[in-house]
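J.: What follows is each chain in one-letter form.
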Amino acid sequence: MHLTTYLTLLSAAERTLADSYVVVSGGHADEADVHYTCADLARQATSQVAALAPAVDRYADRAEPEPDRLHPPGLDATRTGPVGLLRDLQDLYQLASLVDITWAVVGQAAAGARDRDLIDTVAACHPQTTAQLAWLRSRMRAAAPQTLLVAP
Amino acid sequence: MTDLDGAPLPAWDTPEQAFAAWKAATVGRPCDYSGLSYAQLHDVGGIQWPCNESAPNGTERLYTDGVFVTDRARCETFGHDLATGAGVSPAAYSARRVDGRAILKATGYQPAYELPDEQFPLRFTTGRTVYHWHTRTKTRRAAQLQDAAPEMWVELSQQDAARLGISEGDIVQVTSRRGAIQAPARVSHVREGTVFAPWHYGDSGGLVDTAANDLTINAWDPVSKQPEFKVAAVNVHLLRHGDGPAPAPTTTASAPVDTTETGR
Chain A
1 MHLTTYLTLL SAAERTLADS YVVVSGGHAD EADVHYTCAD LARQATSQVA
51 ALAPAVDRYA DRAEPEPDRL HPPGLDATRT GPVGLLRDLQ DLYQLASLVD
101 ITWAVVGQAA AGARDRDLID TVAACHPQTT AQLAWLRSRM RAAAPQTLLV
151 AP
Chain B
1 MTDLDGAPLP AWDTPEQAFA AWKAATVGRP CDYSGLSYAQ LHDVGGIQWP
51 CNESAPNGTE RLYTDGVFVT DRARCETFGH DLATGAGVSP AAYSARRVDG
101 RAILKATGYQ PAYELPDEQF PLRFTTGRTV YHWHTRTKTR RAAQLQDAAP
151 EMWVELSQQD AARLGISEGD IVQVTSRRGA IQAPARVSHV REGTVFAPWH
201 YGDSGGLVDT AANDLTINAW DPVSKQPEFK VAAVNVHLLR HGDGPAPAPT
251 TTASAPVDTT ETGR
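Quick mapping for you: the protein sequence lines, in order, are chains A and B. When you number the first sequence by the working numbering, it's gap-free, plus one each residue, and the end is 152. When you number the second sequence by the working numbering, it's gap-free, plus one each residue, and the end is 264.
Looking at chain B on its own, in the form it has when it is part of the complex:
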């Protein structure tokens, strides 16, 4: 690949040359770090932008003069309506005469996209255990991490478990409008009415479905587009009694309520 002058594209061969090209793109912008060098990073470590001719050592604290980067001429975009994601037009932004003041945005309360009901009475939320990252592509290869949290589990509150006749380690099915997963139950300190599932175990080999995100809804935040993995409605059924505690870590948030259960 070449540019119009016949010079090679991209115009760099080394990481430092790439860094130089990238920092040239920041000149005059709020994140200007055109003054930053490999030598400086090596000697000092982390340096906060802007780092340029007028702030050669970086800038520890922004906006100390109370002037924010909201001047109409400096803005490249003008923000969004938080409720719908609709863009704020340049004309509407100009009309507000923000003039260097900060903008604090608020929006009215909106309920979750899916709320518990009679058919799916429990609130489902997903997340991580401290031992793994996402789908464990790296962390499952670290024996200590994999051994600490080897297999799928789901967490129920003490109250819900008692109501559903579920004990520590029992195999349960968690069902939403979109799918179902099967896993041993950990009776943990999650809030009553809430079911927690880690999303690390989407690859059980096909024997049972353990992919927590099969249950979540297809929706996202209108501005950030962050997917809604944190609230869905589910029901829980006991499939069969287990023969030991769930394979969930006992040293973290998934610690059992009943401490006589040793877990793993």
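The shape of chain A in the complex, shown without the other chains:
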């Protein structure tokens, strides 16, 4: 079944998201709130990979052939300057959005399968990703006027 496919996607995308947060945290260390918040969100994404691991294992024996280009790319480098930061946050937003809707999709399948453990995992993890999106939106909106109108 393709729930296996999507658990694989979700687990890998969370890992990619965690790595991307680490890249942005390190690349924008002079923006203290971005530096520390991204480091914290990297830990959160990593803990979500761990939370999902039992479900990934349980469904591993029911794998189907995966569609092409299943996995999203992550950030392997940051851009410089205020507009570079804004663009990097947009990349994180795109990736976190994919993770967020994948949690929703997996949650629907978990309910359909009456998989109580997986339903609980989704209930614990999905709101964290949604909160990550809220922070990314807030941070980008806060940066936008200065970045788009004033920054060099």
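Treat the hints as calculated values from the structure; they're not laboratory data. Ideal Cβ placement from N, Cα and C applies to all residues, glycine included. Please note that a few of the clues may not be correct.
Computed, partial: chain A to chain B, Cβ under 8 angstroms [said to hold, decoys possible]:
{"#": "1", "residue": "A32"}
{"#": "2", "residue": "D40"}
{"#": "3", "residue": "D117"}
{"#": "4", "residue": "A131"}
{"#": "5", "residue": "S138"}
Starting from the structure of chain A, add chain B where the hints point.
T.: Just chain B, lined up with the frame of chain A:
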């Protein structure tokens, strides 16, 4: 400066007129003190808001009816996610149907932004002594206060001081990833693993660096924006032995462990 009618801006000349203009801005808000007057403040003293037509003598206790100011239509902002500082949207707030109930917020544990490690094994925290306020712009001019706490010091626990071979009054260097300070050590009752430094002495004249906040990290609380001056990671080295106790007050939290040292 004038307003569009040509009247002077601001529209007041005296403190009482300014107060009147300011209290007019509170009408209908939770902090409504439109009923407050100079005469009332003079006669009664402190008066708690709301103080208006329906509560002319102020309000000693809020929310006695169990209804809080959380009604959607009354709110001007909708709060934040405590972990990240992300704003709560009006739509998300409305969906919660708070309807006058109080909101108690919680957030998961997050470690300090910087934790002690092998290179910087001690926890650094800053604060005040009772004799001074911030950078002493006023308190250093009061001879009694300045004499009570005249110069920079740092505090070490008895256990850490013993391990590092440091005695009361020895000159030590405290180093973090961002800077270093030098000061006499007070062996005090701070917790083992913790170094305390007062932040009053940022202006030593440039001979040695004594600004405690040079060591703190550049970070702040995501909601309140309160800077993180309370936890950083440092190491401590003995520079040279001192010739007397540290110039830290002995009558306050900085009292020495060894009471045979008289200090100042």
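J.: Should the interface hint for A32(A) be scored as holding, given a Cβ-Cβ cut-off of 8 angstroms against chain B?
T.: holds, 5 angstroms
J.: Double-check D117(A) for me: the hint is only fine if its C-beta lies closer than 8 angstroms to a C-beta in chain B.
T.: violated, 21 angstroms
J.: Hey, does the D40(A) contact hint survive, CB to chain B under 8 angstroms?
T.: Because about 6 angstroms separates D40(A) from the closest Cβ in chain B, which is inside the 8 angstroms limit, the hint holds.
J.: For the hint on S138(A), does the least C-beta distance to chain B fall short of 8 angstroms?
T.: holds, 4 angstroms
J.: Hold the hint about A131(A) up to the distance rule: shortest CB distance to chain B must be less than 8 angstroms.
T.: holds, 5 angstroms
Violated hint for the displayed structure: number 3, the only one.
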